[in-house]
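Chains A and B are the protein sequences, given in the same order. Quick note: the first sequence uses the numbering used here, first residue 1, plus one each step. Quick note: the second sequence uses the numbering used here, first residue 1, plus one each step.
Treat the hints as calculated values from the structure; they're not laboratory data. Take the hints with a grain of salt, since some may be wrong.
As the list claims (entries may be wrong) - DSBU-like mimics (lysine-lysine), calculated; alpha carbons at most 30 Å apart, straight line:
1. A:K45 - A:K55
2. B:K40 - A:K234
3. A:K299 - A:K61
4. A:K234 - B:K267
5. A:K45 - A:K61
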Amino acid sequence: MLILRYAIYRFGTMLLTLLVVSALIFVIINLPPGDFLSNQIAELKSTGQSAGVAKAEFLRKEYALDRPLWQQYLIWVGFIPGPHGFSGLIQGDFGWSFSAERPVAEIVGDALWLTVLVNLAAVGFVYLVALPLGVLAAARSRTWVDYSSAFVGYLGLATPNFLLALILFYYGHRYMNLPIGGLMDPSFEGQPMSWEKVRSILLHLIVPTFVIGTSGAAAMMQRLRANMLDELGKPYVETAIAKGMSPQRMLVKYPLRVAFNPFVADIGNLLPSMVSGSVLVSVVLGLQTIGPILLTALKTQDQFLAGFVLMFVALLTLLGTMISDVLLVLLDPRIRYEGREA
Amino acid sequence: MTVLPDGRYVDDAPFDPHAGLQAVERKDLDAPAHVLVWRKFKTHRLGLISGIFLLLCYLMLPFAGFIAPYTANERFSENLYSPPQAIHLWHEGTFVGPHVYAMTSEPNLTTFQWEFKPDTSTPHRLSFFCKGSSYKLAGLVETDRHLFCAPDGVTVFLWGSDRLGRDMFSRILYGAQLSLTVGLIGITVSFVLGIFFGSVAGYFGGSIDWVINRVIEILRSLPELPLWLALSAAVPSNWGPVAVFFIISIILGILDWPGLARSVRAKFLSLREEEYVRAAEMMGATPGRVIRRHLLPNFTSHLIASATLSIPAMILGETALSYLGLGLRAPAVSWGVMLNDAQNLVNVEIYWWTALPMLPIIVIVLAFNFLGDGLRDSLDPYEQ
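This is chain B alone, in the form it adopts within the complex (with noise of 0.2 Å):
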């Protein structure tokens, strides 16, 4: 440090002005590939919030039933199609905190239906960490703690009630452990026998890779819904409803394979050549070592980001085998099993909540797709 004639403290060391660039330039280059491309990922805007907001969403699974005031199957025999409710603060100009109005429900004999009236007279105040019917907490510890319940004789109807008098907010909330993870499941067959195939088709060649071509050629060339409905309609009836949940996982990820086992086939082709392999090869690898460590390292970014995108087919595609009852089946809580009640037009006309499990389907696929695409624009770190 200088201190010049006109009191002014000056560095020592020589100015460079391209010295930050380079240091982030260098700091990029010799960072690892995640964080490379998590940096780009960042830039995706909606990719981004997309993927918090699954993420979220699966953090949620496990604890579906403490958010939801009820139980899946809870009946409320009084409140048949009982429209939803809305959370107050304010009654009649002074603050009482969160409470909801009681419904009375009076039979209309013009229209033979059951209309409710929200009782304003009264607020009924919701209690929070309160008990209210058992479940099991991920699936293994029972509680009967909710995160908000109505006190006693009053309803707390978020979404409305469906013609059983089942609450549609708890029962969504219950609907997703089994919508979402549909597609996890899926996706999971999806890719071992995609990678199986793909790798063993690229790597061997020869006649192995001719016969697993023509089979992915023809079982793309199918339609996928039909052969779905066929090997769902193969389930036997008498099954619980675990084992179909899992069975239908299944049969969504057997149809889904070929796409992906073609693009592992057709970078395998490529890479195949490479030196780092037949060095490899050269020092005694076997090809299951060679597959396994130094080809699908390559290119598992690439496979995650179209898993991303094909996830939500399959969760349409229960969506569908259920909604036409092929699918999960009734005591099992799905999103399809939801809107299986609201086939009718004339119903949902009416009763217009009971169709509202079509609204989580539509963010939950469209925030997939956004994710897919973020992941895949952002897997290249170096390209511009």
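Bound-form chain A, shown alone (with noise of 0.2 Å):
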């Protein structure tokens, strides 16, 4: 009952701090001088297209472009209501795409669970890759299963994502026939799910996820063997030893238990930056997710766009990290319930 009260206390703040967060994006999207629209009206004007003109005129009425900008702010995200009635972020209409002529929903569409799978497969790869080298690392600690994890790591660590990206990409094209470039084979887009394309997917993500996730996997292995080493100068890891128990068992049993909770509160320090990477290795690789788009939509000042993609790209690290949160509280019946006090 009491993890139930703390999840809901903690979604209740992600909310706020997903309404501060939408003001601020908003700012962001708006800091450049003038908008899609009037760009393209003082374009057709100087090229005296009158027609285009009044298309553009109309549209900045429909999407209320020619209020003040606080009320733009209140309309985009569904408080007040706009030219027609509430539709705003709440009420699930994420606006107009100016560049494409074609409603956000509609363009970003598949992008955004392609997005969420990138993500989820790199937090797997983080977990799969640095759980049992962090321990290793530990365990064997100044031979050279340390160091070398230890080189791999710091090397990881200092090497662009998209570098990495493009080598890796080469290499495995080369020696090991992976597939070059997007999500899926080109022949299976729009098409409804299947087991092809569910393998076709899988093949085009292992090269992503490894980019994405060495330099998560790296940091997060480095605090696991800190722990560790910690928990393995420990006076009950000598009893379990006096008393007989296999290494291999102690270790599983008690210092990675204890080691372990760091380990879950930490994918919530790490998400950010793995979704950051995810979106600049998707626009290197040309993954379909929607990292490119949101490329585009800031260069073209699309805002309804761009501002649709970040607003995503948030949710997507706060709902991370508040399940890393709850999820710590369920492992660790330590830490208390109540928002923490400094």
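Build the complex from these two chains, which are given one at a time in their own frames, with help from the hints.
Take a look at the structure:
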């Protein structure tokens, strides 16, 4: 019951945070001078196409771009009615993309769940790699296992994501015949789900997952190693060994369980940088996630599209952080349920 | 000094086997903190080497134009995508000093590429402290002296040339000027903001603390890169390279301060209860003075270490932004801008040297990481 209350409390703070973030994003989106439509109007006027001007003026009215900024914000979120009643993010109307001349929801469509998929895969990769390697590096500390994993970890932290992506793509294609570009075979795009499509997506996921997850896995591994080393020096470990417990069993049964908590808590710290990484890597590798959409939207000042994508990215990180917080409380009964007072 | 019956000399002073040890220890205890930190840091081999390397890199920056044989945007239209040239010392078994061979190019009509081959018949000696195209030394003194250059009609492209026939080696040196200073400016911005908000929140507490703390939490929970992208998309495209450079580094710093502010705040929360703080307050010191004179000096070293660890993130950030075309733009030369040319995988496969700017990035980022680790480890000199 307590855990439910904590989850609800945590959800409430997340919603509040999201509200603040929406204001922040709206301000950032509107920082560039002018907007897509006024640029278009200026361009059309200079080339003397009056028909287009009328259309652009109509769109400006339609999406309330002629009102003051604070009203635009409230309409965008859906707190006050726009020209057509309440239709903002809250009501599920994501707005209109001026450059593509289609609703935002239609453009992002598939990209949303593919983004979630890529990020989930990366988180899974981080756990899958960091857990055994971190434990191994701690158990065999100051041997070649430890040193070589530390070396790989440092290299993973220092190599820019997008370069790693290019290199791996090239060699993956050349020596292991991994597919290049995109998240699925072009022939599956827009097709309904099938086993073949799933297989194609999984194959395409290998390189992006590796690239996005590497730096996170390296950081996580080093922290797990440090935590494990702290635990291994404690008297209860000595007691367990003295009583004749086998080292492997002892390792998994006691120190790992204690060292595991920061492991879960960390995903909250790691997630923002991983989502960042996935945006960058998606652009470089041409994955059909929201990364490339965001980049073009920002370059063309397509404000509703860019705003929605930024909101979605923020929501993704906030949700992930919330889930990790709730999981942590489930795992570690020592943590208090109330908000922590500093 | 006494002479023993068997002729040996013996010192009269009483012998204390631990005297040497104690002397060192006493000196240790009396030495100022920076001496102790330095002494411990010296034992951290990797950190020390990285530190010296970084120092040399930064000292090199004003003289990049001198070391580079060409200027950043000097074009050789005959030598597009020319492969790296080696500097030889011996020519056909005889020593002629540092020289290069001229590159001859001929079109390959099956692959439609220019093929470059060194013409090894005649060595062309490099000249040193020679006159080349003019540049501004340290941005101030106009000069045309270069450390080394090739004779007329011959090129010296140590790391090849790019698609416009510009020397990669020279461009990497010029690029370092922007790529390495972006991190410094960014960290300054982040430092000022972080220390200000962190100390205000930690020292005053209460509702100010609550507000600042929420802001920190919100900013920390957001992915950086999309926000960087959005902010740099807002930079007007008609601004000059210098203005864009400054605004980009400020953008990098603006999103970095929350982490620093958080650690400053945590430290202040515990330090403000100390007696010396109370004493200073009793004697009528203003909050500003207590923060600046009594609290901050306590952990500047700690702050420096954490700054060293966050500079690489900024260097990588600038690279990523420029790579995506939203950071620094073309007449400016930075490693990210150079890598922007290496976006095409096919290009990189044929002309592998266009991807060379990634090497300095990796090396510099690694060096900053090692230096930061070393500093962090040696900051507590009394701990073994």
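Practice prompt. Mind listing which of the numbered hints don't hold for this structure, in increasing order?
Written response: No hint contradicted; all consistent.
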